[in-house]
Structure formats: structure tokens, C-alpha cells
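Dock chain B against the given chain A, drawing on the hints supplied.
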Amino acid sequence: MKTNSVDLSLSTSIDDDNISNLIQEIKALTLRLFIQLIRRPSTLIAGILQPLIWLILFGALFSNAPDGFLPGGLSYGRFLGAGVIVFTAFSGALNAGLPVMFDREFGFLNRLLVAPLISRSSIVFASVIYITVISLLQSFAIMGTAALLGYGWPGSGGILLVSLTLLILVFAVTALSLGMAFALPGHIELIAVIFVINLPLLFASTALAPISYMPGWLGWLAALNPLTFAIEPIRAAYSGPLDLGLVILHAPYGDLNGYECLGILLGITIGLFLLIRPLLNRKLA
Amino acid sequence: MHVIELHELVKSYGTVQALNGLTLCVPEGSLYGLLGPNGAGKTTTLRILCTLLAPDSGEVIFSGIDVLKDPRAARRKLGYVAQEVAVDKILTGRELLQLQGDIYHLPVKDREIRINELVERLEMSSWINRRCGTYSGGMRRRLDLASGLLHKPKLLVLDEPTVGLDIESRSAVWQILKELRSEGVTVLLSSHYLEEVEALSDQIAILDQGRVIAEGTPEKLKNELGGDRVTLRVREFSTTEESEKVRRLLKKVEGVRQVVVNRAQGFSLNLVVDDEGALTRIREELDKDEVYIFSLTQSKPSLDDVYLQATGRTLMDAELAVAGKRDVKLETKQSMR
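If you read the sequences in order, they're chains A and B. For the first sequence, the residue numbers in this note's numbering are 13 to 297. For the second sequence, the residue numbers in this note's numbering are -12 to 324.
This is chain A alone, in the form it adopts within the complex (with noise of 0.2 Å):
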């Protein structure tokens, strides 16, 4: 569209009365996501059952690996929660796109689109929130699994470390997912491309397994793969007193501590929000 464009920024000037708009525009499209979790749980249960079935099936499968196979003797269940978490986190917010695909496609999406929003982002931010708090469930979740099967429980401080990196880790994926709903030219696409990425994406991560325990080209693509940055902080909450000063990932290219991997999780997050911003407001303009 020729018109001007929306700044997805929210930077122009906005008056109070603007702001009250705004958020009364975002609260309503996010409820009608939750309206719609609620009548329809099955994808809640399932998504709360499916990360502790990967957690007991996983962690038994592992849980006889001999000793020295994971750094500092850690057990396989201990080190796998971290992976079960970022990866739940990650697998549903590369889904966040799907709703919106399907407003696209039922013609919905056209009746946010003739109604005079503040920012056409509500629609992205609704999902973000959306999407930001059935992760923290999901979390929690596992996270209890966990501490009943003797995994261990991240404490206060793990606590906060594991919300806010997957506070990072959801706003890049969804933004992510949201501009393939957009880009691509329909759900059965969508579909694909997340079956292509979702998988490789956990396997070339320290998720199940340590670098140390991979080949070169492997240890190489877990150590660039951005769920590594966001596995490694809150496996580090799981195994000891938390201190992110410490080194917790040693990576071909070198030694990186706890807040060089949350910069790094940090960064990409912001550079593909940057990638993304232009195509959503190419959209949603």
C-alpha cells in the first residue's frame, strides 16, 4: 500500500487519550486469543503434557549415560530441563503465526484492517503477550515436573533468569513466525517451513546434548544456534548457585559467561525484530 506507513515504533506522538486507545485495542484482541484457549484447551493440555513427556521419556532414555558424559557429572535429567524448557518456548511461538494465518484466510484479519487501530502492531503485540504467557505456564510446569522427578528446582533468582530469557527467546519467534504468516501464502506453508525448522533447530542445540559430546560441524552449528544462548542460562540456574559471571558455554570460537550468551540471545532478538519490522509494516500499513 501506497499510504504512509504505521511505525511499528509507536514513536509518533501519541496523547493520552491515544494511549488509553491503544491499550484498550491491545487488551481486546489478546482476550479474544485467550476467549478462544479457553473454550478450545486441547492445545493447552497438549502443550503442557507434551514437554513432560519429552522430560520422563528423554530423561529415562538418557539416564544411564555413563559417568563423565555431561561437564561438572551433572545428571541427564538435570541437564535436559533447560532443553525441554527453551525448546516448548520455542516450538510455540513458531506457531504464534498460525492464528493470524487463519485470520488471513477466513477474511478476519480484514476486519482489524478497516477498523482504525493506533498501531496495527496491536495485532502482533496481542499475540506476543499471548504467546509470552502460555510459554511461562509451559515453563512452570516442567519446571514442577522436574523438581518432582528429582531434577532439581532453579531457584528464585533461576526463576527470574528463566522468565526473562524466555521473554527474549518468545518476542524473536514470535515476531518471527508472525512475518512468515504474512510473507508466506498460506497455512499448508506455514506448516512446512515450521516442520523444517523446528526440529533440526533443537538437534543442532546443547539441548540433549553437550558440545563436548558432538562432532566439530555439529558442535559449530549448536554453538551459533541462538536456542544455545537461551539453553545454556537457565542450565546454569539448574546446577549450581546461579552466577551468570561464570563461563557456561565453552564454544569452538572460544569461552563465553552467562551475560555474553543473554547479549548475544539479546542481539539477535533485536536484529531480527530490525529484519522483520519492515515486512510487517509493509502488511499491516
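A few of these clues could be false.
What the hints assert, rightly or not - Here are the computed lysine-lysine pairs in the DSS-like style, where the Cα-Cα straight-line distance is at most 25 Å:
id	chain 1	residue 1	chain 2	residue 2
1	A	Lys295	B	Lys56
2	B	Lys56	B	Lys141
3	B	Lys64	B	Lys139
4	B	Lys64	A	Lys39
5	A	Lys39	B	Lys96
6	A	Lys295	B	Lys64
7	B	Lys76	A	Lys39
What the hints assert, rightly or not - Some but not every residue of chain A turned toward chain B, in silico, with C-beta under 10 Å:
id	residue
8	Gln36
9	Ala40
10	Asp115
11	Phe118
12	Phe120
13	Leu121
14	Leu125
15	Val126
16	Pro128
17	Ile130
18	Ser134
Said to hold, decoys possible - Anything over 10 Å on all C-beta distances counts as not near chain B; from chain A, calculated:
id	residue
19	Phe152
20	Leu179
21	Asn210
22	Gly228
23	Gly231
24	Gly266
25	Leu268
26	Tyr271
Calculated directly from the structure, the hints in this document are not laboratory data. Positions of the beta carbon are idealized from the N, C-alpha and C atoms, including for glycine.
Frame of chain A; chain B shown alone:
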């Protein structure tokens, strides 16, 4: 005073030229009908007006707003009821209206008052708290009307508002549209039903191949054509030879035009007469050759005749011709945002 002014709109989807320099002015407070076969550019025109689509070139002025420059100002003042009814099946009708009210920033109190008003007026109270997934086509259409009207728009735009509706729902929709006009709301609707446009509109524009080919009140358009339509039969089921013979006779009569043999209707003859006297002269001419009239019907020109005159084909023929050529998939894709 024109509330909508569209100037020289051009829009193409790939190689398909949807709008071809369309210019249209809609007077304030009118019930304006866009008539044309499928593929004439009606939906594209409405989508451009409603800021869902940008034209390749042209100008869109609505209520003094340059819609292409300031779409949000335009959105505040217009209500749009799309052709394909999009509801969220999981929400109840009331929840959908509340969402609608919130994205138009109605204060919550006003929103509830307004929803109750519309629920009452559109007779939705017995089912408004049920989920949209359970609604019939007529219910959905009413819900859509309500959501289009929630923010009290100055202009209501409806794309094929009664397609697929049962007769009862259709007349309910018509009734509401008439009421809205009498309340001063400008209503712009598209339709490929002649009766609908004729029954409702006080102004119409006929669209063909992406441009306006005739506009005005239905009466004016019909009067411009002039002459009454006459269907004449010399027998209930005639033959080619006989009807050809009668056609030659009729062509000699003064004040008779456009004599056509209608094969589809038992070789009856369709013609246009300029004055009442022509009918008498026809009788005299036929009497001379001892041809007797089996039946003769006379009618005012219809909008279909207007369309026929302007394009050289009937609306039905135009629909059939276009039906095969359209790439519906491509259009759906293009219109997806």
C-alpha cells in the same frame, strides 16, 4: 454534496485489469447501488474505498479525507460489511461485537449501550450469546451489519449484502438499509442482482470491465433508453419461417425498432416501440397480411435493458462470459493481507 469521490482508479491483479479508470461520485445520504456482473470491479472498488487495497493510481476522497493519505481518519467514519462473512466461531456474537467496539475505541459504557441497541433493533437477542459457529447465514449477516454499524459510521459499505440469504433475511436486510438511509447514513452497496439494486437504490452506477458505463437514478437510466419493450407472439410456439416473416412485416412499421426473434421463447418477437400509436400500426400491418396476434405484452424498460443497451449484452451473458475467465485463486491471494 458528494460524500465519496473516486477519480480515475486503476488497479490490476497481475495481468488482469480489475479497474480501468473508474470514476464515481456518491451523493451524501443516498442509497447507492453498484450494479455489474461478477468481475466488473465492484469488490475491488469497495476494498479500495475501505482502505484494504491501494489502487495502482487514482484518487479516493471520502468525506473530505484523502483516503490514500490518511486512511485511519477514513476508517473511523466508515463501516464495511464484506462479502465473505468472517466471524470468529469460538466467540459469541456479543463478544465479537465487544471486540469490534474496542478496536473502534468506544468507551466501555457506550459500547454496551450501543450493542444492546443493535441487538434489539436487528432482533438478535435470542441468539447473541451463543457462539458464532452455530449461526445461520442470515444470523451472521445481521451480526455483520451490527458490527459495521457499531461505531455509528457516516457511510456503510456493503459488498453483495444478500448473496446466499433466504428471502426473509434478505427483506430484513433491505428494511434496515432503507431505515439507515432515512436516518441520514450514506449506504453504498454492490450487487449483481438487478431486483435488489432496483428495489433499494435511489442512485445506481453500472460497472463493466472496471469502469462506470452509466449512472443516475434507475428512473433516469430507464427513461433515457426510451420506448416500451414489447413481446409479440403470433402463435404459442411459432417457427423460424413464420417469425422471420412477421419480423420483416414489423420492420416496415413506423416507430418500431430493434426487432429481434427470441428463439429461446418459442420464436416470439421482441421489439421496442417509441409511442402508443406504433402498437395500432402494428395491428393494422399484421391484419393486412392476415397474421393474427396470439399475445402481446408491453413493459417499461428494465435495468437489464439499460445494461444491454450500454454493453450490448445482458447481465446474465456477461456473468457467464466472465465466469470462465476469472482466476479466483489469484484474486483471493491478491486480496489477502
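We went through each hint and held it up to the structure:
1. For the hint pairing A:Lys295 with B:Lys56, the CA-to-CA distance comes to about 17 Å; that is within 25 Å, so the pair holds.
2. As the CA atoms of B:Lys56 and B:Lys141 are separated by approximately 19 Å, the hinted pair is consistent with the 25 Å bound.
3. For the given pair, B:Lys64 sits about 8 Å from B:Lys139 by alpha-carbon distance, which is consistent with the 25 Å threshold.
4. Proposed proximity of B:Lys64 and A:Lys39 is supported: the alpha carbons are some 23 Å apart, at most 25 Å.
5. Taking the CA atoms of A:Lys39 and B:Lys96, the gap is about 16 Å. The hint holds against a cut of 25 Å.
6. A C-alpha spacing of about 23 Å is found between A:Lys295 and B:Lys64, which places the hinted pair at or below 25 Å, so the restraint holds.
7. Restraint check for B:Lys76 and A:Lys39: the C-alpha separation of about 20 Å stays at or below 25 Å, so the hint holds.
8. The beta carbon of A:Gln36 is positioned within 10 Å of a beta carbon in chain B (closest approach about 5 Å), and the interface hint is therefore held.
9. With a cut of 10 Å, the hint placing A:Ala40 at the interface with chain B holds, because the nearest CB-to-CB distance is about 3 Å.
10. Using the Cβ-Cβ criterion of 10 Å, the hint placing A:Asp115 at the interface with chain B is satisfied: the shortest such distance is roughly 8 Å.
11. Among the interface hints, the one on A:Phe118 holds; its C-beta lies about 5 Å from the nearest C-beta in chain B, closer than the 10 Å criterion.
12. Given hint, A:Phe120 at the interface with chain B, holds; its Cβ is 4 Å from that chain's nearest Cβ, closer than 10 Å.
13. This hint holds: A:Leu121 has a C-beta 6 Å from the nearest C-beta of chain B, less than the 10 Å allowed.
14. Taking 10 Å as the C-beta contact cut-off toward chain B, the hint placing A:Leu125 at the interface holds, the least distance being around 6 Å.
15. With a cut of 10 Å, the hint placing A:Val126 at the interface with chain B holds, because the nearest CB-to-CB distance is about 5 Å.
16. For A:Pro128, the interface hint holds, since its Cβ comes within 10 Å of a Cβ in chain B; the closest pair sits about 4 Å apart.
17. Annotation: interface hint on A:Ile130 holds; nearest CB of chain B at approximately 8 Å, less than 10 Å.
18. Annotation: A:Ser134 was flagged as interfacial toward chain B, and the flag holds, the nearest CB pair being 8 Å apart, inside 10 Å.
19. The beta carbon of A:Phe152 is kept farther than 10 Å from every beta carbon of chain B, the shortest such distance being approximately 26 Å.
20. No beta-carbon of chain B comes within 10 Å of the beta-carbon of A:Leu179; the shortest separation is about 25 Å.
21. Chain B leaves A:Asn210 outside its interface by the beta-carbon criterion, the shortest separation being 25 Å against a cut-off of 10 Å.
22. Taking the minimum C-beta to C-beta distance to chain B, about 45 Å, the non-interface status of A:Gly228 holds against the 10 Å cut.
23. The Cβ of A:Gly231 lies farther than 10 Å from every Cβ of chain B, with a closest approach of about 42 Å, so its non-interface assignment holds.
24. A:Gly266, annotated as away from the interface, keeps every beta carbon of chain B farther than 10 Å; the closest lies near 45 Å.
25. In this structure A:Leu268 is separated from chain B by more than 10 Å, as the shortest Cβ-Cβ distance comes to about 41 Å.
26. Listed as outside the interface, A:Tyr271 is consistent with that label: its C-beta sits roughly 41 Å from the nearest C-beta of chain B, beyond the 10 Å cut-off.
Hint check: no violations occur; every hint is consistent with the structure.
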